[in-house]
Amino acid sequence: MLILLNNAMEGVNHSVVSEFVFLGLTNSWAIQLLLFVVASMFYVASMMGNSLIVFTVASDPHLHSPMYFLLANLSFIDLGVSSVICPKMTYDLFKKHKHISFRGCITQIFFIHVIGAVEMVLLIAMAFDRYIAICKPLHYLTIMNPKLCILLLVAAWIIGLIHSVIQLVFVIKLPFCGPNVLDSFYCDLPRFIKLACTDTYRLEFMVTVNSGFISLGSFFILVVSYVFIVITVCQHSSHGSSKALSTLSSHIMVVILFFGPCIFVYTWPYPTSHLDKFLAFFDATFTPFLNPFIYTFRNKEMKVAMKRVCSQLIMNRRIS
619 MLILLNNAME
629 GVNHSVVSEF
639 VFLGLTNSWA
649 IQLLLFVVAS
659 MFYVASMMGN
669 SLIVFTVASD
679 PHLHSPMYFL
689 LANLSFIDLG
699 VSSVICPKMT
709 YDLFKKHKHI
719 SFRGCITQIF
729 FIHVIGAVEM
739 VLLIAMAFDR
749 YIAICKPLHY
759 LTIMNPKLCI
769 LLLVAAWIIG
779 LIHSVIQLVF
789 VIKLPFCGPN
799 VLDSFYCDLP
809 RFIKLACTDT
819 YRLEFMVTVN
829 SGFISLGSFF
839 ILVVSYVFIV
849 ITVCQHSSHG
859 SSKALSTLSS
869 HIMVVILFFG
879 PCIFVYTWPY
889 PTSHLDKFLA
899 FFDATFTPFL
909 NPFIYTFRNK
919 EMKVAMKRVC
929 SQLIMNRRIS
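Okay, so the sequence shown: first residue is 619 according to this note's numbering, each after it adds one.
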């Protein structure tokens, strides 16, 4: 897919601009140092936490269930969320000339939207999984069989690729003749399109519909789904209800953390540079760390499995 986009860039784009310059997060040396420490710390923590979840689910037979299969894939996607923006942002913090090539900018946009769309579909799939587990428990293993889980994962990646490519097919045709300064620390469509030397009203509307309204629609679908599930849970026994509500609350927190910044960035008609940067920094740095923290901190079975896997690794290392 990236090869096709590269060929399209070589064959279609006739821009004078060969690179874009980022204004970055701040000009304050003290704040840059703080952001560097925070971003580096949370990046390492999120990579370790999400990698541990993927490894634990893959290696522990007790976690070979649809819920943990989807959770492991969400953690895998969060590894991508961290890696697409955070390393470049951290590297640029102390650089005077923060820049990225035209090709690099397009590639970053491509991966941001692929990963974002895949995560969106996975969150909907996880809500569906909880709906079946709570509302149709006797048919859970029949409905959420391995074949359906693989189908949901494949569908998530196909939708993510289609969503990203559709937007970039139009973007790479735009002429860029200057200016080339992005008031941001990463490449994304709303600010990128505004630098084109042509009328981009229709394209901006398409991006709003494709990214903004889809995010907003998916968020409302998830909210309605969880409200319906919570109502169903409240009708069951208090013991089962407390356990189910604990799991649901984790899912709802992740949904809010993911969709909140997306909805604001792509649908808010009056963009604010400082707020956009804060939300983007939060989304790239904190959200990938908070996802595994929320799921593991509130999930006793996952914590036990992690201890079991770590103990096994330590034992194997001592034996070897």
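Quick caveat, the hints were computed from the structure, so don't treat them as lab data. Remember, predicted model here, so these are calculated numbers, not experimental data. Each hint should be verified, as a subset may be incorrect.
[What the hints assert, rightly or not] Label-pair distances were calculated between CB atoms; the ranges are:
#1 PHE846 to GLU637: 46 to 54 Å
#2 PHE654 to GLU822: 30 to 38 Å
#3 PRO705 to LYS765: 35 to 43 Å
Don't be surprised by glycine CBs; every beta carbon is placed ideally from N, CA and C.
Worksheet entry | Hint check for LYS765 and PRO705 - Cβ pair distance inside 35 to 43 Å | holds (37 Å)
Item to complete: Could you say whether the range 46 to 54 Å given as a hint is met by the Cβ separation of PHE846 and GLU637?
Response: holds (49 Å)
Discussion item. Between the beta carbons of PHE654 and GLU822, is the distance compatible with 30 to 38 Å?
Written reply: holds (33 Å)
In summary, this structure violates none of the numbered hints.
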